[in-house]
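*Asks:* Residue numbers (numbering that gives the first Met the number 0), protein chains in the order written: chain A, 0 to 493; chain B, 0 to 96.
Since the hints were made in silico from the structure, they are not lab data. Backbone N, C-alpha and C define an ideal beta-carbon position, used for all residues, glycine too. Take the hints with a grain of salt, since some may be wrong.
Unchecked claim - What follows is a list of derived Cβ distance ranges for each label pair:
#1 A:38 with B:73: 25 to 35 Å
#2 B:62 with A:479: 47 to 57 Å
#3 B:73 with A:450: 22 to 32 Å
#4 B:82 with A:450: 32 to 42 Å
#5 A:291 with B:22: 44 to 54 Å
#6 A:486 with B:62: 45 to 55 Å
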Amino acid sequence: MKLSELTAHQLKESYKKGGTSPTEVCKALFTAVDRLDPIIHAFVYLDREKILARAKELEQRPYERPLWGIPVAIKDILCVEGEPTTCASKILEGFCPPYNATVIEYLKAAGAILFGKTNMDEFAFGSSTETSCYGPTKNPWHVDRIPGGSSGGSCACVSAGQVPLSLGSDTGGSIRQPASMCGVVGLKPTYGRVSRYGLIAFASSLDQVGPIARDIPDCALLAEIISRHDPRDATSVAIETPPYSALLQKDITGLTLGVPREYFAEGIHADVGGALQDALKTLKGLGAKTVSISLPHTKYAVADYYIVAPAEASSNLARFDGVQYGYRSQTAPYSAEHGPLIDMYLNTRREGFGAEAKRRIMLGTHALSSGYYEAYYLRALKVRSLIRGDFDEAFKKCDCIITPTSPTTAFGIGERLADPLSMYLSDILTISANLSGIPGISLPCGFDPQGLPIGLQILARPFDEQLIFNVGYAFQCATDFHTKRPGLAAGKDA
Amino acid sequence: MPISTEDIRYVAFLARITFAPEELKRFATQLETILEYIEQLEELDVSDVRPTTHVLPVKNVLRKDEKRESLSSEAVMKNAPSKQNAFFKVPRIIQDK
């Protein structure tokens, strides 16, 4: 097996036996990046000298640390000290954070090697990684398809074998949907489980950082490293995180899996529905029971989200004004109406933000503006309570919930770009978890006739990530979907 | 609810964004489609429902009022597009008469 194909736990084994070294692994990954990234464009920044220096530094002190010598790619939304951090937006052009996000500090302390920054939709606004100012990332399984988004770069690079692990962020499905489309495992932890300090804010009541990997043990390993209370994030919860990877167990006998009717209804592609039925059969064969449940407010989730999330985003993005960091327009003031300072703001934001960012800022500002606040924002917060309440009711009848992650497999590049609403609807199965704060994972459970991966979503009660991992682990012990890699990764034509 | 280009221009200024005239039209159409979709929330009776601003039962989180280390002003200013000493520079605010 090539070094670039090894998972983190396989690398750890190999390191322990002296089979390979971090330097050797990083060089093998550079070769994979050289070959694949001109095609899929998952990375926006990679400092090879810095990476090799870090590998060397670690090799001087080879002691037991949970991620010792393991390369981890970072979504370009997380602040890494001294490395460009742009959220794939022109407005953050040239920004180099003077500090690390808390999760980055945790990775470094665990002995990980930070392996570059990955492409994403601008400010995580999107489901296809097409709104990046650096241009789109391609799906490693089929280069005419999108990788999903917004963490498309982080999922594509793990899928293609450029790096074993990565971090993404999930506000409405931005880890789970691309994980599904790229055939990898991606977790959105419970809101409050992972620190958001140093995560550039999109929607503060919905955002969570999460791990992306090729199998459940790797995903559990990365999750337990980043899930720790952080006094610098007031919404970080002071609750113990179990050692997920050590506690993994595949016995799911007697567990009750909820199957929500609304998630298997119209709009779900037949290939996806079929793969999910097969997955449910597999899980039943392993001793779990299924029960039909209802989440009656599901159909309102996208509408609700597109008030709540843009409202928060429009406030969060007010900080990008060309004063403290990032891009400042050099365009001469064009009107005498507002004066030079306001004209600078207007020009900076007009030139710095892409179309989707402007759309969300406009939507959010409209929803919060005088005369509309109650009709839109306050109503949306109330509907959010109804959506949450659905899950509270459902979890009285089941231990976790099984659904498809995405209604379809990866769609074509450019296919939904001109029609924002159709893009928004591609997150219809993931958005409710963010509105409710519950954890969710996507893992591969099949392929459509074009060979594109299909994802299975597992949702659980708040802080019950261990159960999610156990069910996923049981499934992966009984199936081999997660071991399949894109033809491109093996050097075959995609 | 139809959205006029005048509405768009008003909201855009609140958000400190401007649009070229042809962009303005496209945005008006797209926002109208999205807001039409969002209008389905009106089907629900929410008169007795309490709003959720936050999924966790969070309280104020306070830290001790103690001196602690922070970034140097040099590190903070490093990314400024325009600066002078320890100050951010912006275009002139007060006009000559």
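*Asks:* Evaluate the given range 32 to 42 Å for the C-beta pair formed by residue 82 of chain B and residue 450 of chain A.
*Replies:* 53 Å, violated
*Asks:* Within 47 to 57 Å or not, the Cβ separation of residue 62 of chain B and residue 479 of chain A?
*Replies:* 49 Å, holds
*Asks:* Using the Cβ atoms, figure out if residue 38 of chain A sits within 25 to 35 Å of residue 73 of chain B.
*Replies:* 42 Å, violated
*Asks:* For the pair residue 73 of chain B and residue 450 of chain A, does the Cβ-Cβ distance stay inside 22 to 32 Å?
*Replies:* The hint (22 to 32 Å, Cβ to Cβ) is violated, given that residue 73 of chain B and residue 450 of chain A are roughly 53 Å apart.
*Asks:* State, for the Cβ atoms of residue 486 of chain A and residue 62 of chain B, whether the hinted interval 45 to 55 Å holds or is violated.
*Replies:* 53 Å, holds
*Asks:* Could you see if the CB distance from residue 291 of chain A to residue 22 of chain B stays within 44 to 54 Å?
*Replies:* 48 Å, holds
Against the hints set out earlier in the document, violations occur for numbers 1, 3, 4.
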